[in-house]
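**Student:** Place chains B and C on chain A using the hints.
Residue numbers (our numbering), protein chains in the order written: chain A, 1 to 124; chain B, 1001 to 1228; chain C, 2001 to 2571.
In case anyone wonders, no lab produced these hints; they're calculated from the structure.
Any given hint could be a false lead.
The calculated SDA-like cross-link candidates involving lysine to any residue, where the alpha carbons are at most 25 Å apart (straight line), are [stated by the list, open to error]:
{"id": "1", "chain 1": "B", "residue 1": "K1130", "chain 2": "C", "residue 2": "A2229"}
{"id": "2", "chain 1": "A", "residue 1": "K17", "chain 2": "B", "residue 2": "F1219"}
{"id": "3", "chain 1": "A", "residue 1": "K12", "chain 2": "B", "residue 2": "Y1199"}
{"id": "4", "chain 1": "A", "residue 1": "K67", "chain 2": "A", "residue 2": "L14"}
{"id": "5", "chain 1": "B", "residue 1": "K1137", "chain 2": "B", "residue 2": "W1080"}
{"id": "6", "chain 1": "B", "residue 1": "K1137", "chain 2": "C", "residue 2": "A2229"}
{"id": "7", "chain 1": "B", "residue 1": "K1130", "chain 2": "A", "residue 2": "K12"}
{"id": "8", "chain 1": "B", "residue 1": "K1076", "chain 2": "A", "residue 2": "T57"}
{"id": "9", "chain 1": "C", "residue 1": "K2499", "chain 2": "C", "residue 2": "A2047"}
{"id": "10", "chain 1": "C", "residue 1": "K2027", "chain 2": "C", "residue 2": "A2123"}
{"id": "11", "chain 1": "A", "residue 1": "K17", "chain 2": "B", "residue 2": "Y1209"}
{"id": "12", "chain 1": "A", "residue 1": "K12", "chain 2": "B", "residue 2": "Q1114"}
{"id": "13", "chain 1": "B", "residue 1": "K1076", "chain 2": "A", "residue 2": "V27"}
{"id": "14", "chain 1": "A", "residue 1": "K17", "chain 2": "B", "residue 2": "K1076"}
{"id": "15", "chain 1": "C", "residue 1": "K2289", "chain 2": "C", "residue 2": "G2331"}
{"id": "16", "chain 1": "A", "residue 1": "K12", "chain 2": "B", "residue 2": "L1122"}
{"id": "17", "chain 1": "A", "residue 1": "K12", "chain 2": "B", "residue 2": "Y1209"}
Since we're looking at a predicted model, the values are computed, not measured.
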Amino acid sequence: MAHATHHHIIPKALLLKVFVTLVVLTVITALTGQADLGPFNFLHVPLAVGIAVIKATLVVLFFMGLKYDRPINALSFIIGLLMVGVFLAFTLLDMLYRGDIGNLERQPIRGPQIEQMASPTTAH
Amino acid sequence: MAGASEAITRVHAAEEHGHHPPYLQHHFVSAEQQFDAAKLGMWIFLATEILLFSGMFVAYAVYRVWHPEVFQAASKLLDWRLGGLNTLVLLASSYTVALAVHYAQLGNQKRLLQNLWLTIALAGVFMVVKYFEYTEKFHHHIFPGGNYAYEGLQLPYVGQFFSIYFVMTGIHGLHVLVGMGVLTWVALKARRGVFSSEYYTPVEISALYWHLVDIIWIFLFPLLYLIH
Amino acid sequence: MATQTYAATATQPQAEINYLNHARGLKSWLLTLDHKRIGLLYLISIALFFVVGGILALLVRLELFEPGQTIMSAETYNHVFTLHGAIMIFLFLIPAAPAVLGNFALPIMIGARDVAFPRLNLASWYIFWLGAIMMLVGIVASGLDTGWTFYTPYSTMTGSGVTWVVLGVFILGFSSILTGLNFIVTIHKMRAPGMTWSRLPLFVWGLYATSIVQILATPVLGITLLLLALERILKVGIFDPALGGDPVLFQHFFWFYSHPAVYIMILPGFGIISELIGTFSRKGIFGYKFVALSSVAIAFLGFLVWGHHMFVSGQSATASTIFSLLTFLIGVPTGVKVLNWVASLYRGSIWLRSPLLYALMFLFVFPIGGFTGIALGTLGLDVPLHDTYFVVAHFHYVMVGGMFLSFLGGLHYWWPKMFGRLYNEKLAQLAALLIFVGFNVTFFPQFILGTQGMPRRYFDYVPEFTTLHQISTVGSWILSVGLLLVAGYLLHSLFKGQKAPANPWGAGTLEWTHTGRVPSPHNFDRIPVVTRGPYDYHLAEEIFGNGRGDGDSLAVQPSPSGQTQQPQSTT
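Okay, chain A solo, but in the shape it has when bound (with noise of 0.2 Å):
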């Protein structure tokens, strides 16, 4: 019973694969955001976002094997992520929304020392 029956070992081709592919969507990232993509500069950060996520899942899939792994690690990280999903997606509920009550203001209550950073007159 000492014999561990369960270990896929993911081939060393199949990783080197993976890294090339990874260095190239980085590149990818990493020009396309300094590209300026007139009309649809809005496409930026959906872009830069996508490309880290599949960058991510390729690490997961592969170097960390998920793939060929358990289904409960797998429920474990995904899970954690739609936990992720929940925190974001519930605060900006409130953030975005800020003010839709009438009586209140959209942005915080600004301080002393964002006054002074928006009216540059007064030396820091």
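**Tutor:** Just chains B and C, lined up with the frame of chain A:
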């Protein structure tokens, strides 16, 4: 009239007395159970790490949505080439640590050790680049939040961007340092020949931790350095 | 000291070796890897902090006996109620059921020799103490007056020991996370053969759900408190409006943990109630599957409602509405649990012992807490009731009436297994009565005070509120007498109590049927094979000891030939 509720079985009696590997802890029934437990434990721990960083990602999202032009201007003060270099360095370190696990599974002690040292070295490069980035910022009086004092960019809420930058990269850097320590400990064990194709659990789970450190940076790079 | 090895025979030797006496000396306790000993280490620790928190509570009530200054200044009062809350929540309520009862019972209940990571378990206890000491250092050095919720901007401005305390709580969080991690891996990977998910005792399901919340929520508390500390030290300005931060963002961060935290407190309690009702009604739990799955459902739904603490903070109406709706939703699985417990009692063979008394008290008190929670979750009602004594009464009903009563019930239930002693049942019933009366006299008037407008955390009040406050304070004295009585007879039983048999309650779960009077260090000589559910009382022979029915010896004997026996169906 013994009931069926417990048919006493001699669980792995033969294994227990004759075949007991030194690395098998006594509360586990088999090496397989021990390995599976360690892996699940690490994946759960990685979920907690994701949630730890999530707070900062939420803060980032909130302040970026509220002050997009400030974030855009402040991001220009970061050197995206250094950030990109660090991304490649960490990706390479993920590759080498995955190779380390691969060689451990094959029982190749030499290559296991080499790749562990390579991973640690690449992590060191990351920290050196980080050091230069930080000192350059401090030189220009770019500090978090209320201590921000860079004359070249004075906007309301610019301090918040750098707070988020320093806290996120700072906590990430701390995790890199911890990872370096853990991997060093594993490498020293590997040098003593503790691991084999049957037992390499510490290599596996420290590699998992290291990959997460890489993944966090994969997101930090575009979000902090490439804002347009 | 007998030198025979315990593993050899199944009969009871005269001086049996168990987990309490097999190794002596302080080192054997402080360096133990035995989950049962670690459970006891936690028991002593949280009991200590409960006493401190309890004394602070008595001081709060004493100050409120009269309007104006009674025994302390307003500034001192701020410190006292803050510390009462922080100590009770972080050093008692969060760890109590999982780290004490969970640590002790969980591995045995699933047929394992220990938790998955025993060294991590011990480390959790030391981390608990490290965090506690850091908190205490901060408190002793500079006090804490922010309320246990640490709201900014006051918490970033005040001179009190906030930094030390929040860093201490940050460390405490790791203790909680590691315990939860340990339990999840244990339940997934170390169940005995035949212990399927649908044969798990409901306390285990409760701990499983609790652990899920612990590992998902606590890290966010960690980053929140870390940011608060950084805010104070480095002026990062994320939460402090003077620096451009948003104080409501702090509340989002804080409550993302702190609401699920209340489910960390109550879910093990629900599990305990299931065990108590199942055992003492001899019937098992009505709707086992639903009760089990509702625990997990509550664990996840608990993450979706945190904004109900923030209805009047300036949160957007959109968010408030959605949070309110989801808050109503979470009442449903909880309500069905309560109904299922009542249905479990119905037509059962009720054996009224003190553990069941606590369960019955729970069934009365907890729904009051729960319903008032739904009331507070209603947007229109919350506007006048927020930050009043109505809220104070609500959370004391669920936390003390819910969690603490179930903890006491569990403590009484497993006491004979933990120590091999029976406590005085008559005193226990008297104490339960005192606690029930004292608790309700303390906290029910607070609902009324709240609806009449008495704000929480106030050291002074208008004279019209005096009578109700005085009734509440007297209630706290009655409650204290009851609790002192509990401590008294429990401690007494350790030295002079009647020796308990292996299964004094006639329960059906493995820690009762498959261990001796007091468990051996490794729980089982041989890992059992499970072929029945935890509440299958119709299989009485197996539960009560191979037909002997004396309950004094081990319930299990290996048959002479070593062969498995065929089941004798007794339906």
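**Student:** None of the hints should be skipped; say for each whether it holds.
**Tutor:** Here is how each hint holds up against the structure:
no.	hint	result
1	B:K1130 x C:A2229	holds (23 Å)
2	A:K17 x B:F1219	holds (21 Å)
3	A:K12 x B:Y1199	holds (20 Å)
4	A:K67 x A:L14	holds (13 Å)
5	B:K1137 x B:W1080	holds (14 Å)
6	B:K1137 x C:A2229	holds (22 Å)
7	B:K1130 x A:K12	violated (30 Å)
8	B:K1076 x A:T57	violated (28 Å)
9	C:K2499 x C:A2047	holds (24 Å)
10	C:K2027 x C:A2123	holds (15 Å)
11	A:K17 x B:Y1209	holds (22 Å)
12	A:K12 x B:Q1114	holds (15 Å)
13	B:K1076 x A:V27	holds (18 Å)
14	A:K17 x B:K1076	violated (33 Å)
15	C:K2289 x C:G2331	holds (18 Å)
16	A:K12 x B:L1122	holds (19 Å)
17	A:K12 x B:Y1209	holds (20 Å)
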